[in-house]
Structures are given as structure tokens and as C-alpha cells.
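Asks: Take the sequences, apply the hints, and build the full model.
Number of protein chains: 2
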Amino acid sequence: NHKRPASSSPMGPCSVSLRSHTCGELRPEHAGEKVALYGWVQYLRQDLFVILRDYSGLTQVLISQDDGSLNEKLGELTVESVVKVTGTVRRRPEGQENTNMPTGDIEVLAENLEVLNTCRKLPFEIKDFVKKSEALRMQYRYLDLRSTRMQQNLRLRSQLSMRMREYLCHQHGFVDVETPTLFKRTPGGAKEFLVPSREPGRFYSLPQSPQQFKQLLMVAGVDRYFQFARCYRDEGSKPDRQPEFTQVDIEMSFVEQAGVMALVEGLLRYSWPPELGGLSQPFPCITYSEAMRDYGSDKPDTRFHMKLVDISEVFVNTKIEFLKSALGQSEGSIQAICVPDGGRLFKSKDLEALKETARSVFGQELSVLAVRPEGTLKSPLSKHLSPSDTEGLLGETGARPGDLLLVSACSLHTVRPLLGKLRLQCAELMEARGVTLRDPTAFHFLWIVDFPLFLPKEGEPGSLESAHHPFTAPVAQDAHLVYTEPLQVRGQHYDLVLNGCEVGGGSIRIHKAAEQLHVLKNILKEDVSVLSHLLEALDSGAPPHGGIALGLDRLISLMVRAPSIRDVIAFPKSFRGHDLMSQAPDYVSEEDLKPYHISVTWPPAKTEEK
Amino acid sequence: NHKRPASSSPMGPCSVSLRSHTCGELRPEHAGEKVALYGWVQYLRQDLFVILRDYSGLTQVLISQDDGSLNEKLGELTVESVVKVTGTVRRRPEGQENTNMPTGDIEVLAENLEVLNTCRKLPFEIKDFVKKSEALRMQYRYLDLRSTRMQQNLRLRSQLSMRMREYLCHQHGFVDVETPTLFKRTPGGAKEFLVPSREPGRFYSLPQSPQQFKQLLMVAGVDRYFQFARCYRDEGSKPDRQPEFTQVDIEMSFVEQAGVMALVEGLLRYSWPPELGGLSQPFPCITYSEAMRDYGSDKPDTRFHMKLVDISEVFVNTKIEFLKSALGQSEGSIQAICVPDGGRLFKSKDLEALKETARSVFGQELSVLAVRPEGTLKSPLSKHLSPSDTEGLLGETGARPGDLLLVSACSLHTVRPLLGKLRLQCAELMEARGVTLRDPTAFHFLWIVDFPLFLPKEGEPGSLESAHHPFTAPVAQDAHLVYTEPLQVRGQHYDLVLNGCEVGGGSIRIHKAAEQLHVLKNILKEDVSVLSHLLEALDSGAPPHGGIALGLDRLISLMVRAPSIRDVIAFPKSFRGHDLMSQAPDYVSEEDLKPYHISVTWPPAKTEEK
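These protein sequence lines are chains A and B, in that order. In short: position in the first sequence from 1, add 32, done, that's our numbering. In short: position in the second sequence from 1, add 32, done, that's our numbering.
These are computed hints drawn from the structure, not numbers from a lab.
Result set (SDA-like, lysine to any residue): computed pairs, CA atoms no more than 20 Å apart in a straight line:
no., chain 1, residue 1, chain 2, residue 2
1, B, LYS223, A, SER631
2, B, LYS626, A, LEU625
3, A, LYS626, B, GLY268
4, A, LYS223, A, ARG608
5, B, LYS116, A, ALA545
6, A, LYS544, B, PRO155
7, A, LYS489, A, LEU513
8, A, LYS379, A, PRO412
9, B, LYS415, B, SER399
10, B, LYS544, A, LEU154
11, A, LYS544, B, LYS116
12, A, LYS116, B, ALA545
13, A, LYS153, B, ALA545
14, A, LYS223, B, GLU623
15, B, LYS223, A, GLU622
The model shown is predicted, which means the values in this text are computed figures rather than measured ones.
Replies: Below you can see the structure in the form of C-alpha cells.
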């Protein structure tokens, strides 16, 4: 009397299933076959047709008008109800084929129709063209995910992940190791979620990455590790950040920077969906200094030019007061970007917007110079410019008649990020005016290397902090400077940038305990006791090692050109960190808090609200 | 001046690496080749040999006594230091081959030796034969993982997971979807960790499984979902449980119980390591009633017999008071198990141990009867037994001279678990006496089906609870009983058992909102408002669906015959939930708690300790 597994088609989406075919696969060669289809009612047409949908597509089902019982069922059917249809495939009558529909040459003549679940009136229609608000999409995510786009995004993500795993496991001998997410709090880990334990006062912490574990696995001799690691970051409310996210986490022993970079290029080439076009290899690689110099950003969008131009030389003997004063200050510089055809494209409100950015974000004035047809410059500044100034300016920037020059003069540390930001703002403005500046089908990967290892700590003169994290090894030639001039040390860190977004970052790590101790204790002034297990591990035969982490959510969102990473995550949180479907996070009774020895400290104003 | 990825061997464990070969791969055919090996010093022998180790094996390196500088380095070398050796492969001199070593036909004549990291004196030796305490292993997990066994366990886990993914993705069209771990608290979810948010009084919860999300993905039309899901369970201190664990989580639309079972059998057959032998297919399948009747357990170890035998019939007219009284009570029963050759194998202290289990765990007395060579029974009971009683007993149980009969008489609900437990205890005792009862290389998979859908709630007469979870659908024939006699309803639940351990469980789910509402509200008396999003989803065109979750840690620990699941997890917690390496969970400053609006409620006695 025991139900035993039925023998079933061994492979494919109909294996071990009740259906004989999916809704997307029937073709004229199936004509005459008896089929059993399961799906959702997409459309009801002319009291005659049911258009059945599943993830794979649509099939037209014809209900014969002669069959009273079928017609009765059809009359009661609502869209998005779930039905089973058995019937026979047939070619559509000539002239009634639908060439827009992969199954448009056939239809299924229903012999039976069974309603498996009736659908209520939904808060929005499941049609790709129906616009719905973000909040409604999130509240009814299980409906939103029925859209073609979300189905494609989730499936692409799954396929890409699988390809990446194949590349790492099968081609390069990596071991998939799961590391804990309940861990010890990192000192100063202000962005780590806490998890109360049942021991009074003791908390786990949800780590921002498996950094310590991946290094410990190298010490453990695992040799090559990877993991699709769930990571956590509590940043409060930030647009397009998620409190939990996934990184493709990779670490290798006995490798140099070039090796990790080659591996990642191979990984992306192998897993890249063919429909997105090929990837040029190897990826271009520039130094941090070059990136800052040319693009004013450490994650430049290289899909377009408009590089920063240093025009300080032109004004080295200038009489113009604000330029002179800028050059006089420490690391003072005058720089420009040239907006091709900007004179025609940009309205005065665009220029105002650019100036406003310079003012509000950087506290700087921006000078705008338009190149007249005859090659002279139009600008409040121009009456102070000598002909050789103009000639120099046009020469250095390559500006031609009709172009706009945006000029800023201040310290290098400001002028570069400023013009870097304006460069992107100009690109958006130009595209809003119809210019195809950035090929929307292009994928520009770029490596940035030779980052500084340490930066001056903001607000604490004389103190240093790691540019990335304290485990990054110095570039070999700079290693001795760690003890003498730490600010001059370049780190063996590499960032991977795609279309101006950082999609990965990694480094060769420090593998000697003494060097790591020096960095933590003498340079960063950290309490080393909390990392004693890592220091001990480095002292226990740690191999040279390095790795990288790729931000999977961001990478996929760029691949599918989604406006937000929420579009490539099945159940994302709102920007306030809420799950709008279930209302998480939610209130918890005092009773439930007791085992964890914690209580809520209600802010005075809020006490009554609750 | 930018370092660009070097061209490198495109595949295998030496791709993009500094080494030319791993330490396990050199063979006589490599003789004459220049190689670069990287690894750990496993042994130093006779001031002449360095045995180099990596995950793949060992290679003997010969240091020529003529090379002063090499000999100097050799003299300073410590075991477990990390070195680079360049040199030439050569066949070992005849007679010096080591047939126990895969690389034992060759050695590498060192031309250079570079110490990349010196190893301190370690807390224990990295030799497979060195015994170390569990606590020490956990504190220095990065050293413990260097053992051959742990390396094999982690690699087997990675390979098995990859095979499972291939089967699901490539062969059956499953989509790997990541679901959130920061979720809403389940009502009564006493085992869920809490995660404070920055909003006063609001908490996320780490779910015990993605149950709601997997069902919502079916409503979303994802069709076939899987995930290697990190799950969380706060059970305080329990031996061999981990606060975080991994389950292979699977859900499908348009499938019946038999389909899910066939899929899982195919999954295990496809991913099963060949070196463990083939799996018989399909797996045997018995009902819950049969399992309880024959084995007194819903996860029977079927590697050996010794089934429970109901001998109530033999004693239906007995005069023996305690048997009579047992049969007189509701569902009273007399049952036995027969221990082959038990008379010889079991000492009186063994029998005492069995009786003690019956007494302390079940509050019952156990009668032990030995079958004498002439076929009579030896027991305090025997003087009350008629010849027909004895004949009946021997006939029903099949006991033969030398065997032992363990007899218990009480209600079915007690006698079955009691003898089920004693059956396992007997097996251990017999094996301790040298009997090969259970083939240590055997893997007995078994399905258990037709579980009751509801059970009486312990301590609350008249109340019911779900045997598994409230989303399980009733067996079709029993569906109407949900409204009338819920205790009689069998659920479409299936458990997968391996060698007496539950390694998976799943069910066909309720897909109609009205039925789900009835179960939650009328039968289980739950507050349905907290599951309103799920009920709404079921009302929005939910397809029939079902799935399963396999406990990956447990499954792998059984496959590698590890004594604990800690042996197949890279960084497990102690049974108290501690990370002994980093000392997580740890104290957190009040300052760090402030953003979460919580404070620690110190138990009175502990306040000073801190």
C-alpha cells in the first residue's frame, strides 16, 4: 500500500513532475500529442481561449464551444488561477499563427480543465507592462517575481553562480568551504549586527565578510578556498544597500597579485552569459594614481573619455588672483574637463547644477568656459586670459569650437574628486540630452592597483587607518617603508571596477606574524589581543596567500542593467532595512527577550508610542 | 609599469600559481624536470631530507651535503615551516623507493630552498597519529584542519555539494535562489536567534529554515527552487548540534510525494562518492506505523534485524499479574525483542544497563528470558509460564537456544519506544563484544511515510500540534477528516533515514488558503495575523507544491563515518555554542549596544563576576 516513486522522465524540467510539458516548449512537431499542462491563467479571450503561463512561456488553450462542462469552468475562471489542462496539440489554423509567441504555431485543444487553485483579485496585474510602485512590489514580492524580468534575473543569477562554481571547482581545484556567520565582534565593528547569546552579556556578531576565516583556511592548508558567502552590514538606511548580501569569496595560497587577477578574468570569461557578448581579455589595469589623475575617481567609468586635464602649467605665471592663489597652496592645481559640444547641449540650468555640485559637495567655485566658433573663449574669466593662456588651454584640453571647459582650481585632494564627480554628472546630462555617450551594451572591466596601504585618519591628525583592511600586504619594493614612511607604502590591493562601479576587491595578505603585529600595533594602534588567534595562526606556518571578493548582487545588477540590486535579490529589504511583506523587523515580547538577558531601552519620546 | 597577469597553465591546482607541481603529483615520468614546490615541512630526516607536505600529499626533498648554504638553511628549519623548494626530480636510488608513498619512487634534488614562513613550536604535532583533545583541536582549528582526515572531509563535502548542484541545475532545471536570513520572528519560535535592529524594540530573527520563502517562491512561479541554506537554531547546549547548520533545501511545483522521493533518490545516486559503493534504488519505504511497530522508532536503523515482536496474543489468558494488568489498560501490549546469542554475549552488568534504561527513561520494568539449550526459558518469570506460553513465546519471536528475550508490557506508546531504544543499546553492546552486527560500510537509506498530521500537545490535553509543521498537506484520502477527526489524518510527509539517523524530511504542502487557515486557526489555535502574508499568497494563485530539506552536515558525517558533525564543519562551535578559537560569543560594550536600544539584564549572582 505504500506509494513508491513513479518511474518518470529522468531529465529536464518535467522530470518527476505531473506535467508532460512546460508552457513554453510545444512546437508544431508536437501536433497530435496528448499533453498535460500546468500553469497560471495569463489571459482569457473571447470565451474561447485560455492563455496558460509558466516560467518558460505561454501556450494558447482552445476550449471547444461544444463542451458544456468545459465552458462552465471557463466562465468561472479568473486570471492568475492555477489550472491543469489535458488535451491534444494541434497546429493553429492557417493565418492564426502568432509569430511573436514561441509557441504561436500551435494550440492545445482542451479535453479537460481542472482548476487547482482560484486566484483572488490581486493588488496589481501580472503583466510586464503594468507599472507598480516599489512599495507595492515589495509587499507582494511573490507576485512581483512572476514578471518576466524578475524570472530572468533570478535564473541568470542561478546560472552565473553555477558557472562560477564549475570554473573554480572543476578547472582550478578550489574547495567550497562554509564558514560561520555567528562570530566574534570585530573591534570597532560598528556595522556588525549583534546576536545575543543565552549567556548574560555575551553576543555573537554577524561578520561583514569571512576575511579571518578565509585566511585561517590558508593557514590550515586548504590551498584554494571559495564560498558564495552571505555577508552582513548594518548601515542603517542607505539607498541601494542591503543588510545582507552575497560575495563570491576566494582565497589562494602560493599566489601573487597577477595570479589572482588572471583567475578572476578567467572566472568572468567562463561564466559570462554569451548573450551579453564577449569580454576582452586581459582587463585593462591602471594604478590608483593614474585613476585619480585621469578620472578623479578610484572606480572610473571608462566607457567614455572626458578625462581630467592638469592645466596648472598654462597658468604658472598667471595674474588671475584665484588661480594664482590655488597654485600657491600646498598641492594646488588647476584642472579641467572638456565637454564635447557642451555649448549646445547644456542649458544654463545644467551649468547651474554642475556649479551647485562643486559648491555644495566640495565647497568650490567652478569656472565654465565655452569655445567660440572662432576659437576664442567665452567666460567671465576670458577678459583676464592672455592669447597664450587661451592657446595653452585649448592645446592642453583639446577643446574645439562648441565644447565647454569646466575648470576648477584648488588642492589636488579636492580638485580631482570634484571634476571626477562632475565628469559623471556631465555624462548623465549629455545622455539626458540624447547623446549616446556610454554604449548601453558595453561592459568595461578595469583593474585598479597600487593603492596606498594607509590613509590619514579623518579627524585625527597624525593617526593612520588602513585604506582597505589591516591584512593587506605592502608592495614588495615598499615593504621597508612600512617601518619608516607608512604613508608612502603601496598595498598589494586590487579593485575590480565594472562600468564605474566597484564589483570586487582583494589583496595579497600579510603572512608573517611580526609584520602583521607591527601594522596592527604600531601603525594602526589597535588592541591586538582581540586578534591574537590570527597572529598565532600566522606564526604557525602561514603560507603566502591572497584572494578577492566579488560583490555578486552588484555584478549581476550591472549585467542585467537593473536600476537597483533589489532587482536581482529574491526577497530584498527596503532601504530602511524592512521586509515589507512580513513586516520584519518586528516587536518581540519581553518574555522572548528573557533567555537572552537583554531588555529594550526605549527612547523617552517613543515609550508611549509602543 | 603595471604588473599584469602572467600567462599561466590554464587548468588544475597549479594554475595561476607560483608552484609548478603540488607535493602529491610527482612520479618517475617527471624525472629530470625542474620543479618549484611549495609546502609545509612534515619531517626533517638525517640532516639530509625534507619531507614537504601540501593537501595533495608528500614529496621527499634531498639536500645535497655539498651545498653549505642549503645545509645551513636545513639546520635552522622547523617542522610546519613553509618553504619553497626548487630542484630537479630524480628517481630514488634502487631499493630506497617507498611503496607506501604515492611519490615514493622519486625525490627532488634541491637546488634552492627558501623559507617563506617559520613555524613556532605548536601546541600539538601535525601528525595523523597524534591524539589531541577536542578542546585543543577547536582552539587551534587551523592546525587541526591540516590533518589528512579533516582535509578529506572538507574536500568530500565540497565535491558532494557540487555534484548535487549539477544534478539539480543541469539535469532537472532547478533554480538556485538565495533567501534572507534576517527575517521576522515566528510565533513561539523559541529556538530562533534574535538580531536587534536600530529601531527601538524591533528585532529580526534568524530562521530555522527557509520554509516560508521556499513556498513563496512557488507562488512566485519559480517552479523548481533549491538552496544550500544556512539555518539557525538556538537550542542552548546540546551535544552534536550546531547553532548554525546547512540544509539542502528543495521545493517543486506540480509534483506529488512520489516525485520528490524519486528526485532525492536520483540526487543521492548522482552525487554519491563512488568509493563508498553503489546505492540500491529505489530506497525501501515503510509507513510510520510499520516503523513504530517493527522498530519502535520513526528513524529505524535497518542495518540489523532484531525487530519488535508483539507477543500479547501469547498471554491473552495469562494469570501473570503484571502482564494481565498491562493488557488490561488502554492500548496495552506485551512485546519482545530477541537478542541472538545474547545469553553468551551479555554479562549481568549489560542486563542491568538495559533494565536501567527501561527504568530511568521509560519508568518500566524489563523482563529478561534466556533460552536454555533444551529450549526452556530461564527467568524469574519462568515458573509462572505454562508450556504453551513458552512455546508461543519461542514461536512468535523465533528465539533459539542461547538467545535472550527482552520483554516489556505496558501501553503501546511506551513499549515501542522502550524496546526501540533497547534494540539500539543491544546492538552497541553486541558490537562492543565483537559481534559484527551492522556492516560498517553499509548505507541503509529508508523512507518513512504516512506520518500522523497532528499529535496531541504534550501537557495540554485536548490541544493538538503539528507532527512536523503546519504547512504539511493531508494525505488525499484523509483530507475530509481534517474537519472531523484530525488525529486520524495522515500527512503527506516523508522522512529520509540513513543508518538510523534522520537525514531529511519534507512534505507536499497545503496550497489552498482556506485549508491552511482552518489548520492554523481551528486546529492549532495559532494567531493567524502573523502568517497573513502566507495566507494571502496562497490565495493569489499558489500552485500545488512540495519539497524536502536534507541535513547536509549530518549526511556527510554519516558518509565519512565521523563521530560528530563537528568533523565535517570547518569552524564548528563547541557544544556550549562557543568558538574556542576566537572566544565568541563575547562581551560587548554598553556603547556598542546603544544603537540597538538594548541593555543587558545581568542576573543578580553574575553582576559582580563581570
